[in-house]
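Asks: Single-letter residue listing:
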Amino acid sequence: MARATGIVVGVNGNMVTVSFSGQIAMNEVAYVIVGDKRLKAEVIRIRGDRADMQVFEITNGIGIGDIVEFTEEMLAVELGPGLLTQVYDGLQNPLPELAAECGFFLERGIYLQPLPRNKKWDWTPVVQVGSEVTGSATLGTVPEFSFEHKVQVPYYMTENYKVVSITEPGSYNVDQEIAVLEDSKGNKYPLTMSFFWPVKKAITAYEERLQPTEPMVTQMRLIDTFLPVAKGGTYCIPGPFGAGKTVLQQVTSRNADVDVVILTACGERAGEVVETLKEFPELLDPKTGRTLMERTIIICNTSSMPVASREASVYTGVTLAEYYRQMGLNVLLLADSTSRWAQAMREMSGRLEEIPGEEAFPAYLESTIAGFYERAGVVRLRDGNQGSITIGGTVSPAGGNFEEPVTQATLKVVGAFHGLTRERSDARKYPAIHPLESWSKYKGVIDQPRADFARKVLIRGTEIGQMMKVVGEEGTSLDDYLIFMKSEFLDAVYLQQNSFDPVDNSVSPERQTFVFDLMYQILGSDFDLTDKDTIRTFFNQLRQKFIDWNGVEWKSGEFESLEREIRSMVKDKSKGLSKEAEDISASIVGGQ
Amino acid sequence: MRKVYTKIESIAGNVISVKAEGVRYKDLAVVKSSQGSSLAEVIRLDGDKVNLQVYAGGRGVSTGDEVRFLGHSMKVSFSDNLLGRIFDGSGKPRDNGPELEENLIDIGGPSVNPAKRIIPRNMIRTGIPMIDVFNSLVESQKLPIFSASGEPYNQLLARIAMQAEVDLIVLGGIGLKYDDYLFFKNTLEEGGAMNRTIFFTHTASDPMVEALLVPDISLAVAEQFALQGKKVLVLLTDMTNFADAMKEIAITMEQVPSNRGYPGDLYSQLASRYEKAVDFEGSGSITVLAVTTMPGGDVTHPVPDNTGYITEGQYYLRGGRIEPFGSLSRLKQMVNDDTREDHRALMDGMIKLYAAYNESLEKKSMGFRMTSWDDKLLKYGDLFEKTMMDLSVNIPLEAALDRGWEIMAACFSPEETGMKTSLIEKFWPKN
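If you read the sequences in order, they're chains S and U. All residue numbers for the first sequence refer to numbering that gives the first Met the number 0, where the first residue is 0 and numbers rise by one. All residue numbers for the second sequence refer to numbering that gives the first Met the number 0, where the first residue is 0 and numbers rise by one.
Since the hints were derived computationally from the structure, they do not count as laboratory data. Every clue listed holds true.
In silico SDA-like cross-links for lysine to any residue, where the CA-CA straight-line distance does not exceed 20 Å:
{"#": "1", "chain 1": "U", "residue 1": "419", "chain 2": "S", "residue 2": "555"}
{"#": "2", "chain 1": "U", "residue 1": "363", "chain 2": "S", "residue 2": "465"}
{"#": "3", "chain 1": "U", "residue 1": "375", "chain 2": "S", "residue 2": "472"}
Let the sequences and hints guide you as you build the complete structure.
Replies: Below, the structure written as structure tokens:
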């Protein structure tokens, strides 16, 4: 069948209307030919012999009558060895190579191959001639940094095939043949190390999806102790601008205990993306001792890049995540920000003159968001291994108001909610996640009953704080005042964490458990403190020591001496654990 | 010779349409009417129907007027001759100087490849403690000044123009009141800063569509200077007027409106301007400071709201001073590690205490008895506002940091400040 062709009959922003002849498909990719440039576009509506297409580039200079060539393919990414360390735009163009070719500016119509073509990979076949295989079966492996990259049968090959030839171990590039398969009808399929997969279609070449149970440690106390995330789970971080979403994502991307991290900047500030871009190659992964970039892929479609590729970028990110999951790895996908992605949808929907839904977002907003987050999960693969994708998406709600459609649609489908508030960021309390308004359905690093007890102190302390605003400090009982100071103390030295302090920025689960034990002693103790001034002075001094303690290396001499000082300060004034705190502790010990 | 079209099919507001062939999206045309001739830009193509926005406005344009397409998009002249000059929104002189036509460059060019950006790392000193200490301005940063109407935002901008340590200022006025235009002109001339300034200005009485061009022209010129190695500061006032001009066109074009009548691509439109802020590897830089007035003082209004998500922080101007709450320079973290070791801790510590001061103030206003701690906070807040926050304070960063310690020492004992012991030992005033 000959490919369809068309001509441009209308231009409106980044949407182009085409009159075509032949057969075309929804979401098919086409190229608009403008002078010597070929601009990539995607079909988003077909009516009669007219197709509306969103162009992934600036549309300046397109004219009526320009030729359009259809490709018969959906928007797809190339999967194969060499994805790690790459910095791509939303269409999988490698940006550093683009820079080498075009310099400072992004030139239109230049699409480079996503995977390095001249790099040779050390190939070890794992199947023999005559083996039976199907989509996602591993044909062989190549080392990719610290991973064993599994070269698989493309997922679109869903039948049973016989291996009729398999290439000898050796050093090959991604374009060289590594195997030939044959189906039951005798058709032969020569394969290389890479293949294409359409981004808007989830990869489901696995046995079953499992319940996420294991915590994904972020090394942030507030999250791991109180608002945990699970491997294979989903979470969202909504917050007003300036509340620290990006820093939170950056810190998570560095410290999260996963194998591969994929960062998707959709419509975000280039100035911030560049921090990650330039810093990651210099930061060391504590697990491997090598650069963090070796386990990272960055998809970077910043706010000034065309809106249609912004819409594509989260799909590109999650498809790459699925690919590494298929190798039995734990992958974290961070999307910053899903609101910009939703706005891109709104922009296109407006151009299509669709009937707008709430706040002018399209009616399919919710199902699209749900469809994206549902691509997370822990799965049992066909080879018996497990792999997972955790998705963390930031949301930038208009006016910082969590009632708006994108936040609400997201909250319905995620397992944890880390809501940032202006109030906490104004008071420089970072991370500015509101400890009481946020929630998580996953299990964290601290036993639940004691974490709940600490949370109760926070809740009670906040209530007392509110009350104190009305009745004043003098109208507050000594007991209440003590709880208030305990909750302030917990907030200041445990919930808050300094992401710019070399030690405090990442706290191992061991240290969190250890510090929490002592925190629990303090929160659970009755104290021999007889007036408000002594209570305040005592907690100020304790806070000072704790802040210093947070900043020294785990188990160092200084750590231990500060710990002794803190313990002795507490011992001097403590009358022992309260009955309630004692009971909770006992129930945990008894239960174990 | 390009074809001249003499049949305008429709005129709605500032948008006209003609039937024409061979026209390309974003091309320019000249519309000749009894009002004079004006540039117009193609904003939509639909078969042989071409929609154009007329820069000088649709008023007085008649159906029989001439439309001639130029076959290229908007350009501006670029050279050193721009320095010290004042132009209008379409690049025409406003200062009786000669018209510039050499070396035309495109406006609204492609965006910078993120892979070619470098991490912002140089602070731009302004001598204003609320900026230098608490929210340092960083080369290549883009920051709005969120401001209610009536606040002295143009005065602040002018002072930054006079004092900022940069090579070159591009000042873009959008919908400026004539008085404000004169204020900028006089202040820059008297302060001797005009010779390092290029001033593109659209005043409130100029045709509305020209307002749309000011940010693009200013940034295109800034970009060329930056590529020549210059450190350029672009000051824009007021971007809300720019967004309102976009809204007007969108509604005239019968686009499906998004929030509060603004077009659905408001975010992308603002972003493509702000994202011009950049530090070129091995060359110069563009830093953008842009006033965004908040209608009704409401930061959740679509213009400040979208702006906030594009920019790297913001300065809030309230009650005639830069508010510490809400104000934020995300990139300060890139620079205030290198200024002085106490910088980062001091700015956080002081703001935390100032937040506590505000709570005490609230308690006081409700008539509660003040504790000794409240009294200390009240004294602190008062000193902080008078000797640091006031916009007339003009001292170097280091002096401002010392002043911060003095203020704390005048009010608190060291452990009450929440500062690290090591810093207290080094910087706490000794007497």
